[in-house]
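Please build the complex by placing chain B on the supplied structure of chain A, with the hints as guidance.
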Amino acid sequence: NAGVTQTPKFQVLKTGQSMTLQCAQDMNHEYMSWYRQDPGMGLRLIHYSVGAGITDQGEVPNGYNVSRSTTEDFPLRLLSAAPSQTSVYFCASSYWAGTDTQYFGPGTRLTVL
Amino acid sequence: GIQVEQSPPDLILQEGANSTLRCNFSDSVNNLQWFHQNPWGQLINLFYIPSGTKQNGRLSATTVATERYSLLYISSSQTTDSGVYFCAADSGNTPLVFGKGTRLSVIA
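Taken in sequence, the protein lines are chains A and B. Quick note: the first sequence, position 113, residue 113 per this note's numbering, numbers continuous. Quick note: the second sequence, position 86, residue 86 per this note's numbering, numbers continuous.
Pulled out of the complex, with its shape left as it was, chain A reads as follows (with noise of 0.2 Å):
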């Protein structure tokens, strides 16, 4: 097993520009989620999912979106990057949401100019 992936490790965007992180599991996880981690903030919530075709809003979704085509995959998509979203990223996957273990990616450290 793979585990949970997550690509690109690093990436610089200009302001404006748009891009998708890309995140796969390889455990038949229902569950998925998006955290970004800011300096003293700890790991903050984006956007989350309970299974393929269901999504829904974290504590920081704002200027970001996500879809959940099939139960390996669960990217997310920046629409028009700003400097507030320079963080770095993190995928998770469980098999539930709320009584089971969770799972990270390597991350992915945005820059966004």
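Keep in mind that the hints were calculated from the coordinates and are not lab data. Worth double-checking, as some hints may not be accurate.
[What the hints assert, rightly or not] Pairwise CB distance ranges (calculated):
(1) A65/B to E59/A: 37 to 45 Å
(2) D73/A to P9/B: 34 to 42 Å
(3) Y69/B to T5/A: 28 to 36 Å
(4) Q55/B to P8/A: 36 to 44 Å
(5) T53/B to Q57/A: 32 to 40 Å
Ideal Cβ positions, reconstructed from N, Cα and C, are used throughout, including at glycine.
Same frame as chain A, but now just chain B:
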């Protein structure tokens, strides 16, 4: 939603020392987990422990759900234990809420 607070925010230890990290949460929990983020940024799940006590080598964790806290014990610390330790919890079938972490530095 549930609030998660961790203490201390920073901790410096001599190699071989023991330490206790604390996590307080504001509501009853269905899910409580401890994670270690190593200096390279990787997040590793240490314990899934909504109640009771678990041990894994030099690490152990105890959650007292009725009093709304969890403790992570690190014994005989090693330099490889350095990093940030996060506690995360939820009060139902909802996403995990993370504390701000405890940054641990173990000095040889």
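Does 28 to 36 Å hold as the CB distance between Y69/B and T5/A, or does it fail? Holds - the Cβ-Cβ distance for Y69/B and T5/A, about 35 Å, lies within 28 to 36 Å.
Assessment of proposed distance window 37 to 45 Å (beta carbons of A65/B, E59/A): 24 Å, violated
Is the distance from the Cβ of T53/B to the Cβ of Q57/A consistent with 32 to 40 Å? 36 Å, holds
Does the Cβ-Cβ separation between D73/A and P9/B fall within 34 to 42 Å? 36 Å Cβ-Cβ, so the 34 to 42 Å window holds.
Does the Cβ pair Q55/B, P8/A satisfy 36 to 44 Å? 38 Å, holds
Figure legend: structure checked against the earlier numbered hints; the only hint not met is number 1.
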